[in-house]
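Protein chains in written order, with our numbering: chain F, 1 to 382; chain E, 1001 to 1139.
Rather than coming from a laboratory, the hints here were simulated on the basis of the structure. Keep in mind that this is a model prediction, so the values were computed, not measured. Check each hint, because a few of them may be wrong.
Stated by the list, open to error - Ranges of calculated distance between the beta carbons of each label pair, as one might list FRET restraints:
| no. | chain 1 | residue 1 | chain 2 | residue 2 | range |
| --- | --- | --- | --- | --- | --- |
| 1 | E | Asp1105 | F | Asn67 | 20 to 26 Å |
| 2 | E | Pro1014 | F | Asn62 | 57 to 63 Å |
| 3 | E | Lys1044 | F | Asp99 | 31 to 37 Å |
| 4 | E | Glu1110 | F | Tyr7 | 34 to 40 Å |
| 5 | E | Lys1067 | F | Lys268 | 38 to 44 Å |
| 6 | E | Lys1044 | F | Asn62 | 34 to 40 Å |
| 7 | E | Thr1057 | F | Glu101 | 43 to 49 Å |
| 8 | F | His136 | E | Glu1110 | 45 to 51 Å |
| 9 | F | Glu101 | E | Asp1083 | 23 to 29 Å |
| 10 | F | Gly117 | E | Lys1044 | 44 to 50 Å |
| 11 | F | Leu357 | E | Val1085 | 26 to 32 Å |
| 12 | E | Thr1057 | F | Asp116 | 50 to 56 Å |
| 13 | F | Gly331 | E | Lys1067 | 29 to 35 Å |
| 14 | E | Phe1098 | F | Asn67 | 46 to 52 Å |
Note that CB positions come from ideal geometry on N, CA and C, so glycine has one too.
The lines below spell out each chain.
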Amino acid sequence: MSIQKTYEEINEKIRRGEAVVLTAEEVSQMALTASPEEIAEKVDVVTTATFGAMCSSGAIVNFGHANPPIRMEKIRLNGVPAYEGLAAVDTYIGATACDPENPKYGGAHVIQDLVDGKDIELEAWGKGTDCYPRKHIKTIINKETVNEMFLFNPRNAYQNYPVAVNSTSQMKYTYMGNLLPNMRNATYSTSGELSPLLNDPEMKTIGIGTRIFLGGTQGFVVWPGTQFNTSKPKNEHGVPVGNSATLAVMGNLKEMSSEFLQAAYYEKYGVSLFVGIGIPIPVLNADIAKNVSISNEQIETTVCDYGVEGSPALGRVTYAELRSGEIEVQGKKIRTAPVSSLSKARKIAEILKQSILAGEFEISKPVQMFPTNTSLKSLKEQ
Amino acid sequence: MKMQKKRYVLKFPPQSGDQPFSYHLVKDFDIRINILRAEVWPGKTGSLVLELEGTTTNLKNGIAYLKANQVSCEPLNKKITWDNVRCISCGNCTAVCFAGALQMDPEKWELQFDPEKCIVCELCVPACPLNLFKIDFRE
């Protein structure tokens, strides 16, 4: 008889302190000796996680009104430009925003400083209106003075990502790290068998409304992320072999911690934000148990040449090979390095596991599933 | 006799730049030297990263000879600092460290730094997205 559990049954077990929770790495080990049916019977929730640089991130902040009030039509936070087209005192500070004069301190740093409770200089200008007469303000804000601040990241937690190499004779400076000439190194970014969307490749349990770990607190999946693409080729284990699905996520920035939200600057590229995301996957049946059992040997990704326009594909490797420290591409042995933190991802998966075991984190059934037939458009010049 | 191998950063004052210190280290103290990096500008200060190999006594005497000639000589690991408290072990620095001094622990996936393998190429300094490496080579 095949097992079929409901979200509510699993939550009942969580409340009673009887739920069995494993991390995705632990369940991959278990799968060496247990069948999907046995795993579905024994395990209730599997925790997945990632901690990588996710450029498409940012925060919405409401400053409150000054007296006399101002309609902010140009906004700077510690000199970093923030979006001015959201009513009078709302803004969106994007992680990659920066003042070209000071490129090493950007929106991600402002977000981290806000999380850390540091003072931020707010300077804003307006033209002056009948209801908002003020034309200029320069003051100090921090997480205590603002009304709301919440993270809203349009594209996070990519389902798989290419390996980057550089075949040219010049160093290439990228968001995948500094790529040495003549393919002297290869960098990779996902947490492999621990990565959220690689454990639920068809997104049978992850959708709009899924409660997640985000930046140190509880957040939510709010939408399919931008560039959400379900039409990438899959390998025989059902895993897309390149970057495909993504998540838009939100959470209360006031409750987050810079341990799981870290600003970064990449040489000759720019600013980005390391975001910690953990997603619990309920093991509802043997199909889902099989998906969460996936191992680094079974997850493949595409090696792309970031030195050449269009980043052409050069081959395919597994995460087991990437983690071994060396891959072979077109007959050439290349040293590998990660660019996202597996040790932090493991910490997040463990924290999420412990909070589910403690009954502090319940799983949520998506209020709507993601589309299953999307593809990606490129920008045409007309 | 037990041989020792260790890496040092040497700094020359402007007046010492024209003296053959490495010759004396070899000839007078029987020290094998391997020059890993050199920046010597006549009339200005100079810096050298050397791997010195010799008996404990010879190394001690050779370093004392350098210091007597106003050349500072400090173990390399004291010249490189890495803020391991803030480090998130992302691995970006290991991508550029072809000397193998910066590597990920294959079990815990935390960053390991072995200063004895460092050749002071300084590629890790800009490669770290959190700017956590400081290398005191020149000043």
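Verification of the hints:
{"no.": "1", "hint": "E:Asp1105 with F:Asn67: 20 to 26 Å", "in the structure": "56 Å, violated"}
{"no.": "2", "hint": "E:Pro1014 with F:Asn62: 57 to 63 Å", "in the structure": "59 Å, holds"}
{"no.": "3", "hint": "E:Lys1044 with F:Asp99: 31 to 37 Å", "in the structure": "35 Å, holds"}
{"no.": "4", "hint": "E:Glu1110 with F:Tyr7: 34 to 40 Å", "in the structure": "36 Å, holds"}
{"no.": "5", "hint": "E:Lys1067 with F:Lys268: 38 to 44 Å", "in the structure": "41 Å, holds"}
{"no.": "6", "hint": "E:Lys1044 with F:Asn62: 34 to 40 Å", "in the structure": "56 Å, violated"}
{"no.": "7", "hint": "E:Thr1057 with F:Glu101: 43 to 49 Å", "in the structure": "56 Å, violated"}
{"no.": "8", "hint": "F:His136 with E:Glu1110: 45 to 51 Å", "in the structure": "48 Å, holds"}
{"no.": "9", "hint": "F:Glu101 with E:Asp1083: 23 to 29 Å", "in the structure": "26 Å, holds"}
{"no.": "10", "hint": "F:Gly117 with E:Lys1044: 44 to 50 Å", "in the structure": "46 Å, holds"}
{"no.": "11", "hint": "F:Leu357 with E:Val1085: 26 to 32 Å", "in the structure": "29 Å, holds"}
{"no.": "12", "hint": "E:Thr1057 with F:Asp116: 50 to 56 Å", "in the structure": "52 Å, holds"}
{"no.": "13", "hint": "F:Gly331 with E:Lys1067: 29 to 35 Å", "in the structure": "52 Å, violated"}
{"no.": "14", "hint": "E:Phe1098 with F:Asn67: 46 to 52 Å", "in the structure": "60 Å, violated"}
Of the numbered hints stated above, those contradicted by the structure are hints 1, 6, 7, 13 and 14, listed in ascending order.
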